[in-house]
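Participant: All chains, full assembly: derive it from the sequences and hints.
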Amino acid sequence: MNRPTSCKEAIDTATLGRGLIKVNGQPIELIQPETLKLKAFEPVLILGQDKFANLDIRIRVKGGGMTAQIYAIRAAIAKAIVAYYAKYVDESSKNELRATLMAYDRNLLVTDPRRCEPKKYGGRSARSRFQKSYR
Numbered sequence: 002m003n004r005p006t007s008c009k010e011a012i013d014t015a016t017l018g019r020g021l022i023k024v025n026g027q028p029i030e031l032i033q034p035e036t037l038k039l040k041a042f043e044p045v046l047i048l049g050q051d052k053f054a055n056l057d058i059r060i061r062v063k064g065g066g067m068t069a070q071i072y073a074i075r076a077a078i079a080k081a082i083v084a085y086y087a088k089y090v091d092e093s094s095k096n097e098l099r100a101t102l103m104a105y106d107r108n109l110l111v112t113d114p115r116r117c118e119p120k121k122y123g124g125r126s127a128r129s130r131f132q133k134s135y136r
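Under the working numbering, think of the first position of the sequence shown as 2, with each following residue one higher.
The set of hints was computed from the structure by calculation and includes no laboratory data. Where hints are given, some of them may not hold.
Claimed, not checked - With a straight-line cut-off of 30 Å between C-alpha atoms, the simulated BS3-like cross-links for lysine-lysine are:
1. 80 <-> 52
2. 38 <-> 63
3. 52 <-> 88
4. 121 <-> 63
Facilitator: Rendered as structure tokens:
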């Protein structure tokens, strides 16, 4: 039976600081599970530590499962750095960062719009119908 997927959400704020990245109040180094920690670090590893040296990013994430939350965190970090450079630095460096992230993985900046389709009457799921019988 198909259940509606719970929506994962990551809200971030990027401010001038010392290079801290915190997820739900904890440093990003303490993210669990250990196997997916590198996935959350991808934007930092792609762009280089120097881009994040004078930037504090705080992320609040909720909903979904562990893997979905990790992917939401990495997208939030990537979007935060691009937005910060667009607002406080200059447009050319923002476009350079954006191009680098897009070349690596488009899902860092563009989210997947697919959602679970709701169930309708006359069947047991969104598309299937009850079997028709004449007798």
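Participant: Decide if the proposed pair is consistent with the structure: residue 121 and residue 63, CA atoms, cutoff 30 Å inclusive.
Facilitator: holds (28 Å)
Participant: Assess, step by step, whether the Cα of residue 38 is no farther than 30 Å from the Cα of residue 63, and give holds or violated.
Facilitator: holds (17 Å)
Participant: If you draw a straight line from the CA of residue 52 to the CA of residue 88, is it 30 Å or shorter?
Facilitator: Given pair residue 52, residue 88 holds - Cα atoms ~15 Å apart, limit 30 Å.
Participant: Going straight from one Cα to the other, do residue 80 and residue 52 come out at no more than 30 Å?
Facilitator: holds (13 Å)
In this structure, none of the earlier numbered hints is contradicted; all agree with it.
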